[in-house]
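Asks: Now for the letters of each chain:
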Amino acid sequence: MSAVQADVGSKQSAGATVARQEGAASFREVLDSEKFIVTMEMTPPKGTDLEPTLADAEGCRGHVDALTVTDNQSSNMSLGALVLSLRLKERGLLPILQVSCRDRNRLALQSDLLSAAHLGITDIMCLTGDHVVLGDHPEAMPVFDLDSVTLLQVARGLVEGHDMVGNELKGPAPRFTLGAAVSPGSEPLEPQLLKLEKKVAAGAEFIYTQAIYDMDRLRSFMEQISHLDVPIIGGFCFLKSARGCQFMNNNLAGVTVPQSLIDRFEKCDTSEARLECSIEISAELISGVREACRGVHLMALGWERHVPTVLEAARV
Amino acid sequence: MEQVKPIPSGLAHSLAYFFERFWKEKVFGCQMCGQCILKSTAYVCPTRCPKRMRNGSCGGYDADGKCEVYPDRDCVWCKIYRRAALLRRIEALREFRPPIDYGLFCTSSWYNLLKRNIDWVGHSQRRQADTEG
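Protein sequence lines correspond, in order, to chains G and R. Residue numbering for the first sequence is 1 to 316, as defined by our numbering. Residue numbering for the second sequence is 1001 to 1133, as defined by our numbering.
Below, a list of computed lysine-lysine pairs in the DSSO-like style, where the Cα atoms sit at most 30 Å apart:
hint	chain 1	residue 1	chain 2	residue 2
1	R	K1024	R	K1005
2	R	K1026	R	K1066
3	R	K1039	R	K1024
4	R	K1066	G	K240
5	G	K267	G	K240
6	G	K170	R	K1005
It is worth saying that the hints were derived from the structure and are not from the lab.
Using the sequences provided together with the hints, build the complete structure.
Replies: Printed below as a string of C-alpha cells:
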C-alpha cells in the first residue's frame, strides 16, 4: 500500500497546458475545492490488454479531476474494475471505483471493499447495478444480495472499523469517500427522490446522475432536491449519431434524448460533420450542467480521445 | 458473543408454511421470503422485484413505470409508491430496510414472527446477543 501511495505522490503532470491540478489524493479533496468538477468514465476492456484504455486515460490527464471505473458495465463482462483502478492510481490519476451489487454477495462485496482500501483506492461508488438480462450473459444468476443503500451502510460500517454483522476489523480502518447514483430523468420521479434521500442518509457524499440531456428537467430535479446537502455531478453519454440517440431512447431506462438534438445529427451527412455536431452538443450540455450542478461526468463510450476537445469547446 | 438462531424447520413450521403460502401466493404473489414487510410497502410485495430491492426503486423503469427486466409488468416500486401515496403511507417507505436474511428464505413469516425470528416490521432477529453466558 505504501509503495503505491508514494508512487502516486511523486508523479507530476507532464503537460504544459494543464488546466486542472493533479495529484489529488482522494475525491474528497476535489469535492472540498471550489472548482467545477469534471470526471470521465473509463470502461475496462473485455480482455487482458489494458494499454489502449490506459492510453485513453493518459490523453485526458490534466483535463479531468477523476475517472470513474465501471464494474461490468451494463452487465457486460469485462476485466475487473479494481485492477484498472489500481493501474490508474499507479499513474497518478484519480480513480473512482464503481462497486455493483449484481455480481457479488455480502461477503465478496465487503472483501472487495477491503481489498480496494488496501490498494489505496478509497473513492467508491455504491451501485445496485443493472440486471443481468440487459447484458451479454443474460443466463447468469442475478445476485443483488445487498442494494445500493445497504452497501453504502456496509461501507460506512467498515470505515467505523467493523463488518456488517459487527465483527471488528483488524488494523487501521479504511477511509472511504462514498458516492451513489440517481436517475433524474426517470418518470415517475418520486421513487428516485425517496431513494436518494435514503442514500444520503446512509452516507453518500457525492451523487452521480444517470445520463441527462434535458436541462430543464435537470434544473427542476435540482430544485426538488435542494434540501439535500450533497454535491451532484450531472452526467451524459456522448451522442454520436441519430441512430445512437434513438438506441438510447429505446433501450436506456430513464434516458431521453430530445428530438431537437436528434434532428441536428440528421442534418449531418459525413462522419466529420457528426463528430463536429457531437462536440458542439457536448459542449452545450456541459454549459447547461455547469449552471445546475457541482460537476459534470462525461461518458465518452469509446470517444475518450475527444474529451479534451469537448472540454476546450465548453471552456472548462 | 452473538448467536444466530437456526433455520426454522419441523412439523409446526411446515404447517404454517403450507397455509401461509396457500393464500399469500394467490393474493400477493408471495415469494415466501420468511420476513414479510408487506405492511410497510402498502401491501405490494417488494420481493417480486427482479432485484429483490427492499429500500426503494432502482433506475430501471421506463416512462410508463414498466420494469426493464419484464417490460410487460409494472415496476414493483412504482406500484408501491403509488399505492402508499393513496393510503398515505409514504413515511414507511423512508425507513431503512436491512438486507434479506437468506436463512429465512422459503420459510413462514407467521412462524418466524411467533418464534421471534423476525420482529413485527419483518426485520430478521435471528442474530442475537447470547444472554446466557
